[in-house]
Amino acid sequence: MIIPMARVVIVGHKRHLDATLQLVQRLACVHLANATEAFPGLAAYIPTAEQAETEELAYLLARLDALLALAPAPSPTPTERTAVWETEHLAQELRRDLERHAPILEALAQRRQALRNEAEVLPGYAATLTKLMRLTPILTDLTRYETVALLIHRRYRDVIPHLAEEMRRIAGERCELVADEVDADHIGALLVFPREASGPVQALLGRSQVSQITLPETLRGVPFPEAVAHIREQLRRIPEELKAIEAELARQTARHRPRWLAARAAVLRRLEQLRARSQLGETEHTFVLVGWIPRRDLPRLRAALEAEFPHGPAIEEIPTDPATMLKAPVLLENPRPAQPFQFLVQLLALPVYGTLDPTALMALFMPLFFGLMLGDVGYGLLILLIALVARTRMRASGGLRSLLDFLAMGGAWSILWGFVFGEFFGNLGHALGLHPLWRERADPEALAPLLLFTIGLGAAHVGLGLVLGVWQAWRGRHLGEFYERAGMLVGLCGLFLLIGVIARRLPAGWITPGLAVLLIGLALLIRGMGRLGLIMAPIELLSAFGNVLSYLRLAAIGLASVYLALVGNTLAGRLGSVGLGVLVAALFHSLNLAMGAFSPTIHALRLHYVEFFSKFYEQGGEPFRPYGAA
Amino acid sequence: MEIGLLAIGAGLAVGLTALGTGMAQSRIGAAGVGAMAEMPELTGRVILLVAIPETMVILGFAVAAMILLLLGGG
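If you're matching them up, the sequences are chains A and B in order. Letter by letter, the first sequence follows residues 1 to 630 of this note's numbering. Letter by letter, the second sequence follows residues 1 to 74 of this note's numbering.
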């Protein structure tokens, strides 16, 4: 159900603003609303004085987050009493703390990054230099010469004679270019030229767009063999040094983490207080806070305010018209078994305040549909077991927990429907003496009753949606919607009466009442839709009929599952080897189980979202986000 | 022969509608996954949109069942 809300206003002197915001934050039960929208003549509170503090805290928060991310958090992370940061000078204190301790960590992190970069690039240098070393014996005294190493893809080998010619033009006979294949794809080239020709040669290389092998700063001018040996030595040392740095980083962050985590929480709280001010209104001496609160929490807030400020800010409930109430934030609360389905409702969108919360109905129908589609004692047991074990082992929370809870309920319903259809891993139940309470789905004789049953179930589900829609439209005084939904409901009844007569399930005499009911339904639909209804009413009615037929998937998905199980069992039985048979059967049933958990979930969800909800559900509610709960 | 034709008709009713559904879902699904990557809160609506064309194959299944049950005398 949607928890009833009240709109309240808190008015007080500005000297109480900070304390009031702290108190409301602590209680975490008020969803702040824009005060100037509630009281149009009121001036918006402009937090000029707090601007600098907000920016400072946002910067410190980013720096804290960066520091905390330097080393992985130990588990469990110890926490420190947050009271140490409950100070008016939080920003200054924290800045001082960070300036004292952060540079050590940042230096370590920089060194770690540099080492990681070296570990990444140095092997490439070593490999290339080793290849180029074959070219170096021709080099003698290099003190007055500069050397440039090039790696050229074989595809561009034509550039080498061109380079040699251009270099001779620049440096005459005092230059040398030697080239040789270094691997299947590349040609290594070594350019030796006088230092004074460095500028023109570099310009030439830039124009030619060949890739130079630039050595790290420390290795510039070092002969190749020495450079390679140096790189290898460096690569050998890097893991050890990295390990030492990681350990030191972990030690340092472990020392500061509890304090910084507490600081982070305090900064977030303070930032929330500062940012809340943008929702307020003000006069010269007072502030005005407007918010939505669950009605049940109103006395608690009132009592807390009175206790903290005997002569301070006053709280009043604002009388709110129905149109404004539609904008109230939505807080859903349901009995425990229905709670997993809140997640599935919210996955689509929250209902508008004051309309119906379909969670409880979803909790009833969704596992039922799931079970009907799967309808097998064996699969149901396995899904129930897997869901329960996963729920306990994985300590699942949030959406995953909701899905596991749903699967457990679906598994239980599947066991029940499995007894109805007499299925245990397909037809294996026969061997165990399991007989269907109603019909066996694999039996061709069962097809027609099964299809009729699912259509009947669909008609009841869609009909229920329409009844809820009619009631909701009546309650909200939306006459157009009321006539539309009522017309659709009546029209569907007429349509089914006529189909019953045509299919000879009803006496021929029912054709006149059926036709009359259908026409009344169409008339109501046209009344609700206006002139457009003359064209749209029959289309809408057919679309609703299509919605009912859509429930045939309950039978279709189930049949696919049964036949896959039967194929697995039959194939396994014909293999002639017990071991191989068990293996093949296990393979088929595993596949069927995986599909049996996934497909019915999606289809049951779709039947709710598309067929059921479209008849009454008004989506678009704003979630209730109490100030202080973040 | 007649039973064979009925079976082919039923198969076509399911097969062609399944193809249509698949083609529609492939386009909606691709766009939907893109939208979900940008805005995860759209997950529910994307599931809904992807699921809408399935009605075609279900109606195909209904037609196939009618062919087999009403005309085939099953």
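If you are wondering where the hints come from, they were derived from the structure by calculation, not from laboratory data. Be a bit skeptical, because a hint or two may be false.
To spell it out: a stretch of chain A is covered by chain B in this simulated footprint if at least three of its residues, at any positions, have a beta carbon under 8 Å from a beta carbon of chain B; those stretches are [unchecked claim]: (1) 346-354; (2) 550-558; (3) 597-606.
Just a few of them, taken from the derived set where beta-carbon distance is under 7 Å, the chain B residues facing chain A [what the hints assert, rightly or not]: (4) 24; (5) 25; (6) 29; (7) 30; (8) 33; (9) 40; (10) 46; (11) 61; (12) 69.
Backbone N, C-alpha and C define an ideal beta-carbon position, used for all residues, glycine too.
Going down the list of hints, with the structure as the test:
1. Closer than 8 Å: that is the beta-carbon criterion, and the stretch 346-354 of chain A has 4 residues meeting it against chain B, so the requirement of 3 holds.
2. Coverage of the stretch 550-558 of chain A by chain B holds [criterion: at least 3 residues with CB-CB distance below 8 Å; count 4].
3. Counting residues of the stretch 597-606 of chain A whose CB falls under 8 Å from any CB of chain B gives 4; the rule of at least 3 is met.
4. Taking 7 Å as the C-beta cut-off, the interface hint given for residue 24 of chain B is violated, the closest approach to chain A being about 14 Å.
5. This hint is violated: residue 25 of chain B has a C-beta 12 Å from the nearest C-beta of chain A, more than the 7 Å allowed.
6. Among the interface hints, the one on residue 29 of chain B is violated; its C-beta lies about 12 Å from the nearest C-beta in chain A, farther than the 7 Å criterion.
7. Interface restraint check for residue 30 of chain B: the shortest CB-CB distance to chain A comes to about 17 Å, outside 7 Å, so the restraint is violated.
8. The closest approach between the C-beta of residue 33 of chain B and any C-beta of chain A is roughly 15 Å, which is over the 7 Å cut-off, so the hint fails.
9. The interface hint given for residue 40 of chain B is violated, since its Cβ lies 10 Å from the closest Cβ of chain A, which is over the 7 Å cut-off.
10. The closest approach between the C-beta of residue 46 of chain B and any C-beta of chain A is roughly 10 Å, which is over the 7 Å cut-off, so the hint fails.
11. Annotation: interface hint on residue 61 of chain B holds; nearest CB of chain A at approximately 5 Å, less than 7 Å.
12. Interface hint at residue 69 of chain B: satisfied, since its Cβ lies 5 Å from the closest Cβ of chain A, which is below the 7 Å cut-off.
Comparing the model with each earlier hint shows violations of hints 4, 5, 6, 7, 8, 9, 10; every other hint is respected.
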